[in-house]
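Enquirer: Protein sequence lines, in the order shown, are assigned to chains A and B.
Every letter in the first sequence is one number past the one before it in this note's numbering, and letter 79, counting from 1, is 123.
Every letter in the second sequence is one number past the one before it in this note's numbering, and letter 130, counting from 1, is 1192.
Treat the hints with caution; some may be incorrect.
Think about it this way: if two alpha-carbon atoms lie no more than 20 angstroms apart in a straight line, the pair counts; the simulated EDC-like pairs of lysine to aspartate or glutamate are [claimed, not checked]: (1) Lys1127/B / Glu1067/B; (2) Lys186/A / Glu1185/B; (3) Lys180/A / Glu1140/B; (4) Lys180/A / Glu1142/B; (5) Lys1174/B / Glu1141/B.
Looking from chain A toward chain B, a few residues come up when the C-beta cut is under 10 angstroms (computed) [as the list claims (entries may be wrong)]: (6) Lys186; (7) Pro199; (8) Asn202; (9) Tyr270.
With beta-carbon atoms standing in for the labels, derived distance ranges [as the list claims (entries may be wrong)]: (10) Gly160/A / His1265/B: 48 to 58 angstroms; (11) Leu64/A / Ser1139/B: 34 to 44 angstroms; (12) Ser1100/B / Phe184/A: 46 to 56 angstroms; (13) Lys1145/B / Leu116/A: 52 to 62 angstroms.
Hint data in this document are derived by calculation from the structure and do not stem from the laboratory.
Computed from a predicted model, the values in this text were never measured in an experiment.
Positions of the beta carbon are idealized from the N, C-alpha and C atoms, including for glycine.
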Amino acid sequence: METFFQQFPIVFQSLNIGFLQTLRLFGVTLLGAVPLGLIIMFGSTSGFKPLSVLTNLFVWVIRGTPLMIQLLIIYYFPGLVLKVALWPKGESGRFAASAFAFIVNYACYFSEIYRGGIQSIPAGQWEAGQVLGMTKGQIFCKVILLQVIKRILPPMGNEVITLVKDTALARIIALQEIIWAGTAFLKGSQGISGQVWPLFFTAIYYLIFSGVLTVALSWLEKKMDYFKG
Amino acid sequence: MAILEVKHIQKSFGGTDVLKDISFSLEKGQVLSIIGSSGSGKTTLLRCLNFLETAQSGQIFVNGKELFNGEAHRRTSEEEIRKNRLHFGLVFQSFHLFPQYTVLENVMLAPKLLKKAPAAQLEQTARKLIDQVGLTSRIGNYPCQLSGGQQQRVAIARALAMEPDILCFDEPTSALDPELTGEVLRVIRGLKSAERTIIIVTHEMEFAKSVSDRVIFMADGVIEEEGTPQQVFGNPQSPKTRQFLSSSLEKF
Chain A
45 METFFQQFPI VFQSLNIGFL QTLRLFGVTL LGAVPLGLII MFGSTSGFKP LSVLTNLFVW
105 VIRGTPLMIQ LLIIYYFPGL VLKVALWPKG ESGRFAASAF AFIVNYACYF SEIYRGGIQS
165 IPAGQWEAGQ VLGMTKGQIF CKVILLQVIK RILPPMGNEV ITLVKDTALA RIIALQEIIW
225 AGTAFLKGSQ GISGQVWPLF FTAIYYLIFS GVLTVALSWL EKKMDYFKG
Chain B
1063 MAILEVKHIQ KSFGGTDVLK DISFSLEKGQ VLSIIGSSGS GKTTLLRCLN FLETAQSGQI
1123 FVNGKELFNG EAHRRTSEEE IRKNRLHFGL VFQSFHLFPQ YTVLENVMLA PKLLKKAPAA
1183 QLEQTARKLI DQVGLTSRIG NYPCQLSGGQ QQRVAIARAL AMEPDILCFD EPTSALDPEL
1243 TGEVLRVIRG LKSAERTIII VTHEMEFAKS VSDRVIFMAD GVIEEEGTPQ QVFGNPQSPK
1303 TRQFLSSSLE KF
């Protein structure tokens, strides 16, 4: 038992550093995927057939293959096959590749949520804006958008919670996030080896973080409760 | 001169002719009621006037100016269509208020976005219109807090705020409970003035009879009968009109 108390501060600090990287990947992914999803949605719903076909094909490929494979291909393919050092060496390169893979992957899921949200708004809302002489852009920004946000909040919340745990996949290219930090004590690090509890302990981090997000999301949903639509 | 002239409007959906050669005109300050059974093309006609549907051929003139020409329509820019719409207002059967805005915001939104006047003046106008439809006490409420009749009255104020030349109503009371139709019809009746031209598509025969200057009866995409309420209701010439009137005025 004594060793546990000796190990704990070392492990705790190590996991905290790993969790910071997890948070960074989470934040960057959201920041990138939320707007990129909108662009992909405009592509997939475009009236220009070649564009919508290509975009839908892309969404199919991304949603139809494991994120883990996408991470591996994005990180290793340029260097191993094309002999191009696309990603910088070390942790910064692993982070850039992970962020790229996560943003593209999540943007594809988001684009479908956006599409569903926009299509669920009754045509009457567009028509009401039109007969009042508003422009398409004004109708979208001032009438449609907030109603869409209200409607897509629950499915988006789902994706966000999933993203918290999906960040662990970046371990496959050795990004030094919290799972990586936990497994380090199995193999041996800072004088501690053969210990599995740090890896199990990482679950607490995910649980607390998704708990915080759940509270924040339901707060946001409540904020939107003042109208129905 | 007629404020509205509609000439030879034709519209079909996938091979089905919904409007076949519709022509009529309307003087400023008149109230026109369009009656007829469901599927006769009444609503489509209103939607063509508001450019929510595009007629295949025909012309629409407002104050002598050609706003629509079926032959030239492909070349009309979206911006031009948007401007042409401003001559018309439309109150929908199911209101279509903007749910995230209060009563006042619903009425002010379009004039504010289109910068019709300084904001303070717009608000004054909006408050006056809301008072006119009797909803000053609900001015800060959201649509979900209002009854259907109240929502429809807000929709009327919202349409009036853009000061259209011609205000159209598409079955304004059809989505309402019977006890709520009265308040909406009273508001519409109150709008009648020498300055305001109104077109109402309605199933409320008594209302159409008493409020209209002119009545059009539509059947199967054509104007079957047209005239003053006395002519159409009192002495209908077409057998189709007679049949429609007798079945819709039937008492149970």
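Enquirer: Compare the structure with each hint and give your call.
Expert: Taking the hints in turn, this is what the structure says about them:
Taking the CA atoms of Lys1127/B and Glu1067/B, the gap is about 9 angstroms. The hint holds against a cut of 20 angstroms. A hinted pair counts as satisfied when its Cα atoms are at most 20 angstroms apart, and Lys186/A with Glu1185/B qualifies at roughly 18 angstroms. Using a Cα cut-off of 20 angstroms, the hinted pair Lys180/A and Glu1140/B holds, with the two alpha carbons roughly 9 angstroms apart. Between the alpha carbons of Lys180/A and Glu1142/B the distance comes to roughly 13 angstroms, so the proposed pair stays at or under 20 angstroms and holds.
Distance hint between Lys1174/B and Glu1141/B is fulfilled; the C-alpha atoms sit about 18 angstroms from each other, no more than 20 angstroms. Residue-level restraint check for Lys186/A holds (minimum Cβ-Cβ distance to chain B is 7 angstroms; threshold 10 angstroms). Here the hint on Pro199/A is broken, as its CB sits about 19 angstroms from the closest CB of chain B, past 10 angstroms. This hint is violated: Asn202/A has a C-beta 23 angstroms from the nearest C-beta of chain B, more than the 10 angstroms allowed.
With a least beta-carbon distance of about 6 angstroms to chain B, the hint placing Tyr270/A at the interface is held under the 10 angstroms criterion. Between Gly160/A and His1265/B the beta carbon distance is about 36 angstroms. The supplied range of 48 to 58 angstroms is therefore violated. Between Leu64/A and Ser1139/B the Cβ separation comes to about 53 angstroms, which falls outside the hinted range of 34 to 44 angstroms. One distance hint, 46 to 56 angstroms for the beta-carbon pair Ser1100/B and Phe184/A, is violated here, with the actual separation near 33 angstroms.
Judged by the Cβ atoms, the range 52 to 62 angstroms given for Lys1145/B and Leu116/A holds: they are separated by roughly 56 angstroms.
Violated hints, listed in ascending order, are 7, 8, 10, 11 and 12; each of the other numbered hints is respected by the structure.
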